[in-house]
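For the protein sequence lines, the chains are A and B, in the order given. Under numbering that gives the first Met the number 0, the residue at position 186 of the first sequence is numbered 185, and the numbers go up by one with no gaps. Under numbering that gives the first Met the number 0, the residue at position 184 of the second sequence is numbered 183, and the numbers go up by one with no gaps.
Just so you know, the hints here were simulated from the structure itself, not pulled from any lab data. Any given hint could be a false lead.
[Unchecked claim] Only pairs whose alpha carbons sit at most 20 Å apart, straight line, appear in this in silico SDA-like list of lysine to any residue:
{"no.": "1", "chain 1": "B", "residue 1": "Lys293", "chain 2": "A", "residue 2": "Ile131"}
{"no.": "2", "chain 1": "A", "residue 1": "Lys216", "chain 2": "B", "residue 2": "Ala303"}
{"no.": "3", "chain 1": "B", "residue 1": "Lys119", "chain 2": "A", "residue 2": "Lys181"}
{"no.": "4", "chain 1": "A", "residue 1": "Lys181", "chain 2": "A", "residue 2": "Gly215"}
{"no.": "5", "chain 1": "B", "residue 1": "Lys149", "chain 2": "A", "residue 2": "Lys216"}
{"no.": "6", "chain 1": "A", "residue 1": "Lys132", "chain 2": "B", "residue 2": "Arg118"}
[To be verified] Derived, one-sided and incomplete: chain A residues facing chain B with beta-carbon distance under 7 Å:
{"no.": "7", "residue": "Ala83"}
{"no.": "8", "residue": "Tyr124"}
{"no.": "9", "residue": "Ser148"}
{"no.": "10", "residue": "His151"}
{"no.": "11", "residue": "Ala323"}
Backbone N, C-alpha and C fix where the C-beta goes; we use that ideal spot for every residue, glycine too.
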Amino acid sequence: MRRAKRASKNRNHVQQYLRPVVAMKTLRYREALREAMIEEMERDDSIVLMGEEVGHYQGAYKVTEGMLDKFGDTRIIDTPIAEAGFAGIGVGAAMTGLRPIIEFMTWNFAFVAFDQIVQNAAKIYQMSAGAIKVPIVFRGPNGAARQVSSQHSHACEPFYANVPGLWVCAPSTPADAKGLMKTAIRDNNPVVFLEGETLYGVKGEVPEEEVLIPFGKARIAREGSDLTIVTWGRPYYEVMQAADKLAEEGIECEVIDPRTLRPLDHESIVESVRKTNRCIVVHEHWPYAGPGAEIVDRVQREAFDDLDAPVLRVASLDLPMPYATNLENLVLPDVDRIIEAAHKVTYKA
Amino acid sequence: MLLIRRFEEEAARAYAQGKIGGFLHLYIGQEAIAVGADAALHKDDYVFQTYRDHGTAIARGMTARAAMAELYGKDTGCSRGLGGSMHFFDVENNFLGGYGVVGGHVAVAAGAAFKAKYRKEDRVAVCFFGEGATNIGGFHEGASLAGLWKLPLVLICENNTYAMGTPFHRTSPSDTITSKAAGYGMAHDRFEGGDVEEVQTRIAAAAARAREGGGPTLIEIMTYRFRGHSMSDPGKYRSREELEERKKHDSVHLYRERLLKVGVAENEIKALEKSVEDEVMDAVQFAEQSEPAKTETMYNSIYAP
């Protein structure tokens, strides 16, 4: 019950941070992803979509709903439960001229396909000295859902952001989801596309016209002068809520969403820190190493003289996700912990 | 066959002299399979192999020069010094790689077969692997999906009796690899791989079935490597008697005998042997004189434009 209340509150505060721009339409995050894939598949018949229940079942999270009717079962392909197998098939198909999209029902299940993604997809271009391209998108929900416990709650960005040869996208908003997906499909490299498992229902304004969002270009989600908060994916919404509350206290946050974790737009982050002199990184993945630590490293090296406080991180707690809702709430980064970190770096604690 | 044999003997020498680094897994003893298979295939069929890939790549048409230069870590190598012994690639000859993680490449090869089917091409994908690779998940999932979707794939298990140093009977719950085929709903074939022409005929039958929409075949070819698993392995887990017995069935030697029997002149064979030796020595010289691998290649082959 408390969980349901929290979810509904969450949805409300989510909506207010998605500001309309010109010639926009409203789409849910899952619809934005679907629209991107449909537009690209209509344009290019080398694109096929493969995964568990993507076709007849209409998608475990309904991202691929209706796509079987549109493209038929030669292009929307249901697979058995065999992540290593169909990820590998995608790699081989990509090497020989197709542009497969591989849906993992969740990134948690992609661990069994890790060999294909990291050892094959990411490395074949290099091992062949650039003779063989592997244009493939691996996509699916990332991070914790609600009360699904430890084996279904990984935020997977550190595992993939660590790998040269992969691009890693982690969109927060429907507009970014669509624009990044279109870029990912057209890119000639393997792309790990991390969708927020709890973001599929989020509505947002998406441009009517075609927008391809370039990799490695951060979005400044909110401008501010007192503190830079870097975040992506699901915790973005907690950060925006915290920024509102902090503004009431007179602390103006600049929120930067890098959108892609590899390549990572260090320049925009460092530039912002030079302006605000303070920085917090908020992420869902475990605190030990990963993109969060990478960002802190770059900020302290490149903006050391501009920093008025140590850079802090707000992450999930360093433990496997528990089932019980009260414990789960403790593990994930939330508004209170973000505000607490903001108070620390502004010395208002 | 002879070119592969002489090439690898020379590679072993260069390795012993420290001119080649890393791992070096030799194919010596198994040549009839690579050569017979290539004779059974079309030029535009896709071929995948494990890290024991020199023989297959050369059979496919890779030059001894490009192969040797790769072992030497030179810019003129088939993977420009980035792949080494275990990762030969030759796109021109549709040799799509040697893979260090065995089994995973079975699924990748199935992907090439998937593409051939999707594009309705008259093309098959062929995947070589050792019997040791059939215990790994990638083999199972690749084979399973290929069987399910009737992909034009030919799976060739080169059963050389030892998975690194462990004999087959200690790694496999079944007596044959082909007994697995039923579970994947695929055709199968099993035979001794010493006769290059028999290899050609039997793989051609599987390839024809694949081209006609009959789906994949799992072929188990019994063979034997005369050297250890890699250069660091003296192969002490097998007896001298066993090795000597197997060497009596050396396909390279047997094929020479056969040529003589059918009336090819001794001096013609000697001329061929001489030309092969010249070709290998030329490859060594080429490799030694080539430019080292280039740093810009390393930086420029992380992401495709």
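Verification of the supplied hints:
no., hint, verdict
1, B/Lys293 x A/Ile131, "holds, 18 Å"
2, A/Lys216 x B/Ala303, "holds, 19 Å"
3, B/Lys119 x A/Lys181, "violated, 27 Å"
4, A/Lys181 x A/Gly215, "holds, 15 Å"
5, B/Lys149 x A/Lys216, "violated, 43 Å"
6, A/Lys132 x B/Arg118, "holds, 18 Å"
7, Ala83, "holds, 5 Å"
8, Tyr124, "holds, 5 Å"
9, Ser148, "violated, 24 Å"
10, His151, "violated, 21 Å"
11, Ala323, "violated, 33 Å"
In the structure shown, a violation is registered for the earlier hints numbered 3, 5, 9, 10, 11, in ascending order.
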